[in-house]
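Peer 1: Assemble the whole structure, with the sequences as input and the hints as a guide.
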Amino acid sequence: NAGVTQTPKFRVLKTGQSMTLLCAQDMNHEYMYWYRQDPGMGLRLIHYSVGEGTTAKGEVPDGYNVSRLKKQNFLLGLESAAPSQTSVYFCASSYQTENQPQHFGDGTRLSIL
Amino acid sequence: GDSVTQMEGPVTLSEEAFLTINCTYTATGYPSLFWYVQYPGEGLQLLLKATKADDKGSNKGFEATYRKETTSFHLEKGSVQVSDSAVYFCALSSNYQLIWGAGTKLIIKP
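Just so you know, the protein sequences line up as chains V and H, in that order.
Start counting the first sequence at 1; every next residue gets the next number (my numbering).
Start counting the second sequence at 114; every next residue gets the next number (my numbering).
The hints are simulated quantities; they were obtained by calculation from the structure and are not laboratory data.
Ideal Cβ placement from N, Cα and C applies to all residues, glycine included.
Accuracy of the hints is not assured; some may be wrong.
[Unchecked claim] Restraint ranges, calculated between C-beta atoms of paired labels, are given here:
id	chain 1	residue 1	chain 2	residue 2	range
1	V	50	H	195	37 to 45 Å
2	V	9	H	173	23 to 31 Å
3	H	159	V	73	20 to 28 Å
4	V	80	H	208	29 to 37 Å
5	H	114	V	38	15 to 23 Å
Peer 2: Structure below.
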């Protein structure tokens, strides 16, 4: 059972470069989420999606874009990377009924130089 | 808005000690409550959950009881092991999202 798979696991970028983080889930979940985790800050929601073709802003959306073209995939894009975006990024998914737990990927460690 | 407050860490204990990590919440309605665990270098894993008042969630020797009167969901374990060293997150459900506490790092010394 793959669950939630994030690609890549590690990446180093230079300031101004762009990249896309991929999240794939095989649990047929409607909802998907992108978080960032920084030391002492806990988890902060960047964007989320409640279904194929939909996206919405979370707590810290600036500097990021997302797309949900297929139900199983949720992409997070950085158009022009900044050092402040150095973080560990987690993708999660859940069923559409209320009060469901979220299932997490193993994370992408991203460093912006 | 809804919020979750966890005790600050790190919490350092000796092996076989009793563990309590405090979690209190503010919420409208009747949210479900969760504890997640994050081992070093890994993603978050659901540890236990409770969906209504007075429910007790339990898993791997950990327990937490949903206390509506004190708006709390404290995590407890009777005898911790070195392998329990991790970061523990308390969370509540709100409008199909999870509201997260800041996390509590637990260090268990042999």
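Peer 1: For which of the previously enumerated hints does the structure constitute a violation, in increasing order of number?
Peer 2: No hint contradicted; all consistent.
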